[in-house]
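Model the full structure from these sequences, guided by the hints.
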Amino acid sequence: MKHLLSINDLSKVDAISILDTAQELARVSDGPMKKLPTLRGRTIVNLFAEDSTRTRISFEAAAKRLSADVINFSSKGSSISKGESLKDTAQTLQAMGADAVIIRHSASGAAQRLADSKWMSGSVINAGDGTHEHPSQALLDAFTIRKHLSKGATDLAGLRVAIVGDVLHSRVARSNVLLLSKLGAQVVLVAPPTLLPVGIESWPCQISYDLDEVIASVDAIMMLRIQLERMSEMYFPNAREYSRYFGLNSDRIRAMKAEAIVMHPGPMNRGLEITADAADGARSVIVEQVANGVSIRMAILYLLLAGNQEIAENGVSS
Amino acid sequence: MSLALPAPDIARALIRISHEILERNSGSANITLLGIPTRGAHLAKRIASAIESIEGTSVQMGTLDITLHRDDLRMRAPRALMPTVIPSLGVEGRDVVLVDDVLFSGRTIRAALDALGEIGRPKSVQLAVLVDRGHRQLPIRADFVGKNLPTSIEQSVVVHLTELDGADEVLIEGPLP
Amino acid sequence: MKNGNYLLTGLTLPNGSKSDIAISAGKITEIAPNLIAAEGFTKVDLAGSIALPGLVDLHTHLREPGKEDAETVLSGTMAAAKGGFVAVSAMANTSPVADTAGVVEQVFALGQSAGFADVFPIGAVTEGLKGENLAEIGAMADSRARVRVFSDDGSCVFDPLVMRRALEYVKKFDGVIAQHAQDPRLTQGAQMNEGEISSRLGLKGWPAVAEEAIIARDVLLADHVQSRLHICHLTTAGGVEIIRWAKARGISVTAEVTPHHLLLTDESALSYDPIFKVNPPLRTQKDVEALREGLADGTIDIVATDHAPHPAEAKECEWQEAAFGMLGLESALSIINQTMVTTGLMNWETVADRMSYAPAKIARYAEHGKALTVGAIANITLINPAQSYRVDRDLVASRSRNTPFHGMDLQGAVTATFFRGLPTFLNGKLASIHEGSPESAGK
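Chains as they are written, first to last, in the UniProt record's numbering: chain D, 1 to 318; chain W, 1 to 177; chain G, 1 to 443.
Please note that the accuracy of each hint is not assured.
To be verified - Using 27 Å as the maximum straight-line C-alpha spacing, the simulated BS3-like pairs for lysine-lysine come out as follows:
1. G:K130 with G:K204
2. D:K64 with D:K34
3. D:K35 with D:K64
4. G:K370 with G:K172
5. W:K123 with D:K35
6. W:K123 with D:K34
7. G:K247 with G:K18
8. G:K247 with G:K67
9. D:K147 with D:K257
10. W:K123 with W:K45
11. D:K87 with G:K204
12. D:K87 with G:K67
Calculated directly from the structure, the hints in this document are not laboratory data.
Next up, the structure:
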């Protein structure tokens with residue numbers, strides 16, 4: 001595996017190996033070893049053409065714990081904000097000798113374009129492209145669910161996970177549907193019909209328009225951020241009505257299974273898709289998701305960059 | 001392929017190493033055994049139980065995965081990480097005995113020393129190996145050796161252990177020296 | 001060489017009969033088997049080729065004036081000649097927009113002086129393609145370019161009142177409104193066909209209904225005002241149904257389909273390579289099949305290329321940043337052979353109709369779309385259906401390289417194009433019909 005562009009790039013075995021590696025790395029990071037020499041001398045570029053502080057610093061922390069040199073190339077104050085094309089940016093990074101580019105971009109498919117083009121030769125890691133995918137987020141979500149609920153199993157067989165909200169515009173939802181179902185979980189998407197994409201019947205998941213009908217049956221619930229501009233685009237009448245039908249509040253928390261967990265990829269709109277007591281309550285693993293994000297991203301960087309990919313692909317080892 | 005060390009020899013060697021470790025360190029009280037996965041971890045476990053039956057007390061024992069400290073990562077396919085388990089008393093001020101199956105170039109042990117350095121500052125670090133096959137590339141030597149096996153660089157030494165491979169044996173593969 | 005006397009031998013006519021064709025002074029002088037080359041005639045061996053009446057394209061973007069980095073009238077008509085076309089219709093979305101007599105006359109004149117094909121400008125329906133006020137339709141119709149086809153292509157004439165007025169207005173001179181059917185509200189920010197693939201890729205969907213709703217409205221308007229409507233680049237099975245219904249009702253509507261919509265589907269977008277980004281978007285296999293069927297049974301009247309050149313930087317970028325459109329002229333006939341003839345859906349008589357007779361008739365191009373008969377103007381396209389070739393974007397005559405067929409093997413190669421009795425394309429070489437032509441100036 002050279003790039004991580006989509007969950008479709010991963011087999012079930014690959015995905016479990018990332019989770020297992022992250023688990024070991026988490027143990028290392030929790031212990032006295034904060035810094036590992038593994039990627040010393042490697043140059044990793046954080047190419048963030050869209051603002052995202054949390055994902056950027058998560059990847060940055062992961063890269064630095066593995067001793068890589070990190071260059072941040074974000075939209076503000078760089079040539080991207082002056083309209084430089086993706087091609088020119090990529091060629092610049094190639095000239096600087098980037099071993100990997102972690103790209104966040106508002107255009108769906110930007111990561112794949114970068115990987116498929118001949119503009120640069122390094123690894124490409126998709127840190128969220130438009131409304132397409134966000135594979136590292138799905139991996140950290142799966143990691144979090146596995147840690148809490150799998151009872152020692154390496155996969156998520158038998159678990160039921162609800163993903164609630166703006167599925168239409170959510171790269172987190174797309175990656176999670178693919179990954180969680182690959183790992184054996186049953187996924188149910190809950191949203192108003194306006195926020196579900198056309199053709200969703202072909203996705204490996206169930207669909208519901210009614211959160212109350214679903215809430216008592218799930219082991220984990222993942223709330224998606226709802227953007228306020230969706231109101232002006234008439235996806236739903238107003239915030240109050242959205243919250244009433246699709247928000248997570250204390251009544252719905254009480255209806256959940258005893259051991260069920262509450263997740264959110266952040267940043268949250270408190271009071272809209274999730275109330276403060278739901279976000280901060282005992283079931284919430286939202287803060288832990290952030291910590292797990294660093295371990296998952298270390299695992300991705302390790303597996304993509306530490307080894308020799310040619311040997312990995314040709315199956316030759318000394 | 002030839003059999004260099006049959007099962008009874010392996011058992012005897014491990015008992016001897018256990019005695020030597022105890023002798024060198026005047027008992028087991030300050031010893032921490034750290035096996036290097038995969039086979040080193042199993043050997044450490046065997047040495048620990050041998051020491052326990054000799055001394056009648058338990059010994060601090062754990063595993064130290066050195067994958068992330070290897071200097072040859074770029075020359076190999078990425079490998080899965082193995083668990084690192086540091087026993088309750090840690091390594092600070094302890095007499096740490098690293099345990100591995102084969103001592104060859106010395107690079108694994110260098111990586112282990114680096115990994116150990118990140119964890120703490122032991123009083124001493126010693127090395128126990130089942131087989132020393134020579135061809136060192138670094139100034140590293142073992143304190144406790146099960147058997148010295150002269151080999152040519154083209155040969156490879158294969159260690160099988162019951163826990164993983166169903167039998168205890170050390171084999172030499174490839175042309176004779 | 002250019003005495004204008006040619007004897008084309010070894011041909012098969014659209015009706016399947018074997019024949020030779022003699023050309024002199026721009027006209028067909030003889031059609032019969034086994035002709036002997038008379039004194040002063042150049043014999044051209046075209047064994048294996050089908051002779052078709054010169055192809056006419058009703059939908060071409062030549063980009064001049066304004067975007068000469070992408071294409072010029074010269075380079076675009078060279079591409080046309082290479083693809084077997086003798087007449088192209090230059091769309092109005094240039095800069096400045098072809099919404100005045102001045103611009104259409106300029107484009108017309110550029111075509112005449114290039115000498116690779118007739119260039120018939122299409123006039124804008126509304127000023128600046130803004131969809132608000134009618135452009136000077138009458139002046140364009142009366143100009144030397146004698147514009148008969150009007151279109152805001154690239155934009156839809158969305159306001160139903162404006163569309164009604166335009167349809168009525170062109171009746172004065174037997175004109176036709178060519179509608180780019182796309183509801184702009186339903187396609188805001190749209191990137192590709194709305195369906196399973198767009199949802200998976202996270203690209204904003206372009207629903208079929210956005211096209212079909214406008215077609216349905218406009219056939220009813222055309223019926224109401226008893227005028228001629230032409231639907232550009234039909235792409236959906238539903239659209240074919242509506243046209244079929246309208247024709248059964250006797251409504252005066254015609255429709256076109258592009259070669260790329262007959263071959264490619266929205267699955268091409270899985271690569272995120274914007275070479276496959278086009279307006280209207282590539283649809284599903286079900287739509288492709290309905291379009292092929294519609295073209296075969298005459299519901300869809302013509303093939304039009306929607307040849308849309310773009311410079312490299314407009315495609316070497318993220319999908320959503322990229323320009324819509326793909327090259328079409330040079331590969332059109334091969335794709336029709338591959339999708340319609342080799343599949344048994346159409347014979348060469350029908351190809352002649354869909355690519356020559358019918359487009360010339362819709363646009364009222366009096367000198368074009370005539371059957372190959374003695375005395376007719378010698379506009380002849382020759383294709384060897386057995387010859388296959390691999391498309392190479394570095395070898396196109398167009399100034400741009402944005403062909404989605406790069407690297408594909410296509411079946412059926414244009415072997416020669418005769419325009420007013422002279423070869424504009426022969427033996428792999430392009431030549432203007434004018435003496436001392438700027439043949440090499442195009443590239």
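Practice task
Assess, step by step, whether the Cα of K87 of chain D is no farther than 27 Å from the Cα of K204 of chain G, and give holds or violated.
Solution key: Between K87 of chain D and K204 of chain G the Cα gap is close to 23 Å, so the pair holds against 27 Å.
Handout entry: K247 of chain G paired with K67 of chain G [C-alpha distance capped at 27 Å]
Key = The given pair, whose Cα atoms are some 38 Å apart, is violated under the 27 Å limit.
Handout entry: Given hint K34 of chain D paired with K123 of chain W - CA-CA distance at most 27 Å
Key = holds, 22 Å
Handout entry: Pairwise hint evaluation, K67 of chain G against K87 of chain D, where the allowed Cα distance is 27 Å at most
Key = Holds: K87 of chain D and K67 of chain G sit about 22 Å apart, inside 27 Å.
Practice task
Sort out whether K257 of chain D lies within 27 Å of K147 of chain D, counting only the CA atoms.
Solution key: Holds, at about 17 Å.
Handout entry: K247 of chain G paired with K18 of chain G [C-alpha distance capped at 27 Å]
Key = violated, 36 Å
Practice task
For the pair supplied as a hint, K35 of chain D and K64 of chain D, confirm whether the alpha-carbon distance does not exceed 27 Å.
Solution key: holds, 8 Å
Problem - Hinted pair K64 of chain D and K34 of chain D, Cα distance within 27 Å - result: holds, 10 Å
Problem - Hinted pair K130 of chain G and K204 of chain G, Cα distance within 27 Å - result: Judged against 27 Å, a Cα distance of about 24 Å means the pair holds.
Handout entry: Agreement of K123 of chain W and K35 of chain D with the hint, judged by alpha carbon distance not exceeding 27 Å
Key = holds, 22 Å
Problem - K123 of chain W paired with K45 of chain W [C-alpha distance capped at 27 Å] - result: holds, 22 Å
Exercise for the section: Take the C-alpha atoms of K370 of chain G and K172 of chain G, compute the straight-line distance between them, and say whether it is at most 27 Å. Expected result: Holds - the C-alpha atoms of K172 of chain G and K370 of chain G are around 25 Å apart, at most 27 Å.
Hints 7, 8, counting from the list given before, are not met by this structure.
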